[in-house]
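Here the protein sequences come in this chain order: C and H.
At position 142 of the first sequence the residue is numbered 142 (our numbering), and the sequence of numbers has no breaks.
At position 184 of the second sequence the residue is numbered 1184 (our numbering), and the sequence of numbers has no breaks.
Derived by calculation from the structure, the hints in this document are not laboratory data.
Think of the CB as a built atom: it goes at the ideal place given N, C-alpha and C, for glycine as much as any other residue.
Treat each hint with caution, since some may be false.
[As the list claims (entries may be wrong)] Simulated DEER-style distance windows between Cβ atoms:
| no. | chain 1 | residue 1 | chain 2 | residue 2 | range |
| --- | --- | --- | --- | --- | --- |
| 1 | C | 101 | H | 1210 | 54 to 62 Å |
| 2 | H | 1282 | C | 149 | 50 to 58 Å |
| 3 | H | 1024 | C | 25 | 55 to 63 Å |
| 4 | C | 18 | H | 1538 | 45 to 53 Å |
| 5 | C | 5 | H | 1005 | 36 to 44 Å |
| 6 | H | 1081 | C | 121 | 32 to 40 Å |
| 7 | H | 1135 | C | 101 | 36 to 44 Å |
| 8 | H | 1067 | C | 121 | 51 to 59 Å |
| 9 | C | 63 | H | 1025 | 31 to 39 Å |
| 10 | H | 1005 | C | 25 | 26 to 34 Å |
| 11 | C | 5 | H | 1041 | 15 to 23 Å |
| 12 | H | 1393 | C | 121 | 35 to 43 Å |
[Said to hold, decoys possible] Computed cross-link-like contacts, BS3-like style, restricted to lysine-lysine with a CA-CA straight-line distance of at most 25 Å:
| no. | chain 1 | residue 1 | chain 2 | residue 2 |
| --- | --- | --- | --- | --- |
| 13 | C | 141 | H | 1099 |
| 14 | C | 57 | C | 118 |
| 15 | H | 1387 | C | 57 |
| 16 | C | 116 | H | 1347 |
| 17 | C | 117 | H | 1347 |
[As the list claims (entries may be wrong)] Examples of chain C residues lying across from chain H (beta carbon under 8 Å, computed):
| no. | residue |
| --- | --- |
| 18 | 22 |
| 19 | 133 |
| 20 | 213 |
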Amino acid sequence: MFRILHDTNYDFIRWWKVMAAITIAFILLGLGSLAIKPPNYSIEFTGGTLMQLEFSKPPDVAEIRSSLDQAGIRGAEIQQFGTNREFTIRAQNPAQVAAQARGAENIAISIESVLKKKFGATELKVIRTEAVTGTVGQELKRGAIIAVLLSFLITLIYLSIRFEWRFATAAVIATSHDVFTTIAFLKLMHLEISLTVVAGLLTVLGYSLNDTIIIFDRVRENLRKGRKESLYETLNRSINETLPRSVLTHATAFAATMALLIFAGEIIRPFAWVMAFGIVTGTFSSIYVAAPVLLWIERKWPRKTGARQSSSTVTPTSRTRRSPATAAR
Amino acid sequence: MNLKWRIGIIFGLVALSVWALFPRTVVERVKRNGEFVYDTVRHVPLKRGLDLQGGMYLALEVDDSKGPVPDKSKAVDNALKVVRNRIDEFGVSEPVVQKAGNDRIIVELPGIDDPQRAEDVVQKSAFLEFQITDKTQALEKALPRIDAALKDTKVATATPAAAGNKDSTSAGLQSLFTADTSKKADTTKKDTTAVAGTVGGPGAFSKLIQPGRMTGEYFVAQNDVNLVTQYLSMPQVAAALPPGKVVRWSSDTLSYGNRIYRPLYVLDAKPIITGEYLTDAKPNTSPTEGNLVQFTMNNEGARRFRNETGRHVKDFMAIVLDQRVMGQPPVIQSAIGANGQITMGGKDLQAAQDLALVLRAGSLPVPLRVADVRQIGASLGRDSIHKGITAGTIALALVILIMLGYYRFSGALAVAGLALYILYTLAALAGFSAVLTLPGLAGFVLSIGIAVDANVLIFERIREELAHGKTVRTAIDEGFRHAMSAIVDSNVSTALTAAVLYQYGTGPVRGFAVTLLAGIAASMVTAIFVVRTFYMIWLNRSSEAQTTLSI
């Protein structure tokens, strides 16, 4: 039997203050950066036009830009996409979005005709077009926000049914933490927030929650055993006991994510980035957010002693000894 | 007995999956030598989304910028039928036309290679009118009034946006009806040297137009078309136009010498007949008139048409499609019956085919505009599939490596389970006719890495039980039993998230949610049931209980 991290006894939670400082700093950095400059929303959310073009030979970006400027499509973002013959053009400033109110396809048609005039009709091919009016963008944005909030709500309800409310709240707070760190990550990496990225974000939430549930499931089980130990110790024990599983699962998930990141192409890359980061933050939050928050809730609203451990012999339960977290205060 | 049942169920599921995924013969509309024909094709019944097979997605909404639409929902229902008729005839395999929400129409055209043409066919109002050209020189009489109206007005010299040229021409001519009728004006012949660029001032309007080849026809230099359109759309000009007449642009341009003109027609406002009586239209090519569309009317239409044209012999009849005059209005030689034709000017046969198509399908009851368009080339779709499969293969190889390296024999059981997982997931997608999209494909690759989580949970439990000194058989039983609650809880919460995504997502994201749901179901079946059965087979293989387990 080949084992790693078997029968460990690390005191993970002892480091919660350091970890809290690190993650809060990261989130503040992200939010601060958001306050300075709004995030990159994809045209699905802002309205606008995205075109992916394939040229028969590498074009001069300055020529593309000047042609677009002449056609009155100013400030469009021109980006190389994969090879040096493929480019994306994003026209999503307010003037361009307004021009699409009469018909989403207008800007795309102008871009295509002006570039075909400049480079020759056979020299470039439009391989992808997305054009969305501002109204549709608003609707999609609203839909995405509702989706995120609703999935929170439903998860909270489900967890409250399966676990009791203390666990559910701690799990949801840990998951919210992941939303914030992922948003900070998206901003700091200059990744574009698209519908697919939002789907990635929700997948990260599912994954992170999954991880928290695995640990909490063990905590629930260990509490039932009615050991003479504090919740602090139970949490640490549970994290250690599930450590081999965590390492293995994160390894396989990370392997799949890396395969996506490297081999699945440009279109899916932002999604793969979100997932890669999500595995890290999900693991982190299960240990360093969910567990300390659960401890804090237990201290504020202690559970009735013996309620869960009716079979256990006599009273000395977890709260007779002061947990180090309480003692540290 | 129990084991036999389990093996039977697994084989049953495999058989069902293989059947669900087996390539089957279907009758589909396919492209053969550039023509769409119904033919039988064989393929794996996995539906690919537009982002994987290439194609076009359009969301159309009622365009109320040109006038209010009272009952939008009903208007959309009616428009939906017309759009569906048109798309059915357009020639795409498996198009989707459906209503979304209250006021949108979603059109999906897989594999379309000419998005511009598709948009035209879907959006064209195809409102056909037959109108007699004015023979009373009504415009000449009204010119002084129009000039006077313009003289008092400061004209904004703004040129319409580059993108909107074509639009503004038709938009400006929407409702040019007049109210004021009393004034008599002198009919002075105008100096017709068109000077482009100057606006306002004396003779502002009259100097831009000159008489054409027949009464009611005028020529406007192509450079002045936007300016004239702008004038015509001004309320004070509209009020000065001759009563009971409408002004319409031609769909074609003419060149005289090195100058290009666009004819402008003054027509009787009341059409003698409209396209509602049309029963058939087909494209044709005539050696003298080029490409054209021949149409046939029903009995009632034919009777009316015969009566009306009989009353207008020697007059010119303009054929007006979507407020554009098609070709030069022909003179009515004698009463015309059920058949007629529309000449296409210089346009190609494709244009004639498309016009015949939209005329057959009927006119759109309301104008539609595009709210959302996604178009993906077939090559990009193929490329995405190819890359997705590469990533999936590599992910699978890495996961197999990790599982075999760490859990050895038990890992091999998990890998066998993973193979069934992949089969079941794809079969579920095929069975429920779910659409596989690019995010869905990515989600599937990701799920290969996450699906083994349940196996890992169980295996770790078994290890713990073994460490507690339990026998192999008991350890396996206990391991599965204890891991169950964690597996169920984590999968159900992920499934709930996926359900929310399905409800609120569009197109590709919805495909992702479906793949996620199929994957969750399949991974629970394989991890809890299939791998358990594998263990049971292994335990039963020899008569005495196995004493060691490679895990």
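### Task
Identify every previously stated hint that the structure contradicts and give their numbers, smallest first.
Violated: hints 1, 8, 9, 10, 11 and 18.
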